[in-house]
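Enquirer: Quick note, the sequences are listed as chains U and H, same order.
One rule links them: number in my numbering = place in the first sequence (from 1) + 9.
One rule links them: number in my numbering = place in the second sequence (from 1) + 18.
No wet-lab data here; the hints were simulated from the structure.
Fair warning: there could be bad hints in the mix.
[Stated by the list, open to error] Take a look, some chain U residues computed to stay more than 10 Å from chain H by CB distance:
| id | residue |
| --- | --- |
| 1 | Ser33 |
| 2 | Ala34 |
| 3 | Leu63 |
| 4 | Ser66 |
| 5 | Ala69 |
| 6 | Leu71 |
| 7 | Gln75 |
| 8 | Thr78 |
| 9 | Glu79 |
| 10 | Glu80 |
| 11 | Glu81 |
| 12 | Ala82 |
| 13 | Ala83 |
| 14 | Ile85 |
[What the hints assert, rightly or not] From the structure, some residues in chain U lie toward chain H, with a derived Cβ separation under 8 Å:
| id | residue |
| --- | --- |
| 15 | Cys21 |
| 16 | Leu39 |
| 17 | Gln45 |
| 18 | Ala46 |
| 19 | Ala50 |
None of these values were measured; they are calculated from a predicted model.
In this text, a Cβ means the ideal position worked out from N, Cα and C, and glycines have one as well.
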Amino acid sequence: MAETPTRIEVDCSTGEQKVIPLTSAEIAELDQMRAQAEEEAAARQAAEEAKAALKASARAKLIAGQPLTEEEAATIVL
Amino acid sequence: MAATYYLISNTTLSSAQTTVTISSIPSTYTDLILRVSARNNASGSSNDNVYCKINNDGGSNYTVSHIYGYTGGSGANFQGGTGTTTSITIYETDTSTLANTFAQAEIYFWGYTTANSKQWINHAVAPSDRTGTGIISWYSGRWQSGAVISSLVLTPNAGQFITGSRFTLYGISNS
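One chain only, chain H, in its complex shape (with noise of 0.2 Å):
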């Protein structure tokens, strides 16, 4: 039977926010997606990064697999068994990108609800600014916790999410 998508929570930011927390979600469904379009205030390196912590764990739980390239970069880079991380990392831009462009990503949860440790998969693509430094990359990892995942929070590395910036969640249901 076809996956169906549910949409659980839509939010648009009307105002700059240090930290976007999704809570209570429900554990009715087979999986999870999460699509994040954002950009922060902050100047510095274009393509920025949101750190999304799962019930809030920001102990070194989270492993990671990373493939990424980047315009003016040597082709893909792959990073292999990197070790523990203390979140999933996805892209977004900053104030030295291009006005108004904000940066893609999806996020994919399996099995969120079971005893298991919790697999993910992102691919996020961050728009090239006008010196040309746009980035692509996928992460998979595994989020080392038997418990349900019952909440997101994604902060950015620097600054706020600035106005307009959006997250998505949606339940996937396999029955």
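Chain U extracted, bound-state conformation (with noise of 0.2 Å):
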């Protein structure tokens, strides 16, 4: 049988520590706040991949003389 995951609180007004178990409620809490925190870190890597192929595509671009879209143009500091 898995071991219960437990929590540490530590109370600033006493200084007290203390080592809870979770509940089934808790540890449901915790799956769902993982999956979503997740799906967010994805959408801010798909966001950075998309911006990276961007960049890339800008620079074959200027490379070979070719124009660029305004997205490409974008990527690009000067």
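Assembly of the complex is requested from the two constituent chains, each provided in isolation within its own frame, with the hints serving as guidance.
Expert: What follows is the structure, given as structure tokens:
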């Protein structure tokens, strides 16, 4: 049987530190929070990759002497 | 007058924990600084995330701008105006990085007791692993709430914080 995960709560007013087993509701909430945060991270990663692809395309076109699209031109810092 | 650091709490884990909650933060300082030295027990992407929620607020109330670079990457990357997120993100290491290495991060919260939304900035370094995938990042953002910051809840994106992970909170007084 898997061990129940725990959390630690540090009370700044007393200095007390309590280790508390997670309830099933807290585990479900944790899973949901992690899934949502991962979705956000994936969206940021996708945006970054799209921007990198635009930069690479702009660079290749500059080298080849081809016209850039507006989006590609916007990736270049002059 | 020079600002002054006051240690509010300092926690070094003696066993693995899924979440670290720092509660009952006194409202007697001007600003807060949270320092995190963390590693989790999951395997995977070398540089994992720690999600920090203010007052356990998991709503889309955190605005974020992000600049970062990593070994093997294509230079610095900037993500501005990326909208809202549900937490503050910093980095940590996992089991795929060199043994006993912890990622280091610091979050500075300005005016945490004011009625305005709270600005924060953080920087983090996750050390390189054997394949050279270290990362350095800076985030800035705002928690869109008028509430006083009274607790911080930190959770790794996978696994648990391992023994030896450290969480230190300071109060900064400007008067």
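Enquirer: Would you mind marking each hint as holding or not holding in the structure?
Expert: Structure-based check of all given hints:
1. Ser33: holds, 13 Å
2. Ala34: Holds, because the least Cβ-Cβ distance between Ala34/U and chain H comes to about 13 Å, which exceeds 10 Å.
3. Leu63: holds, 12 Å
4. Ser66: holds, 13 Å
5. Ala69: holds, 14 Å
6. Leu71: holds, 16 Å
7. Gln75: holds, 21 Å
8. Thr78: holds, 20 Å
9. Glu79: For Glu79/U, whose nearest Cβ neighbour in chain H is about 19 Å away, the distance exceeds 10 Å, so it holds.
10. Glu80: Glu80/U clear of chain H: closest Cβ-Cβ about 16 Å, beyond 10 Å.
11. Glu81: holds, 16 Å
12. Ala82: Ala82/U clear of chain H: closest Cβ-Cβ about 17 Å, beyond 10 Å.
13. Ala83: holds, 13 Å
14. Ile85: holds, 14 Å
15. Cys21: holds, 5 Å
16. Leu39: holds, 7 Å
17. Gln45: OK, holds: Gln45/U within 8 Å of chain H, min 6 Å.
18. Ala46: Holds - the Cβ of Ala46/U comes within 8 Å of chain H, reaching about 5 Å at its closest.
19. Ala50: OK, holds: Ala50/U within 8 Å of chain H, min 7 Å.
Hint compliance for this structure: every hint is met.
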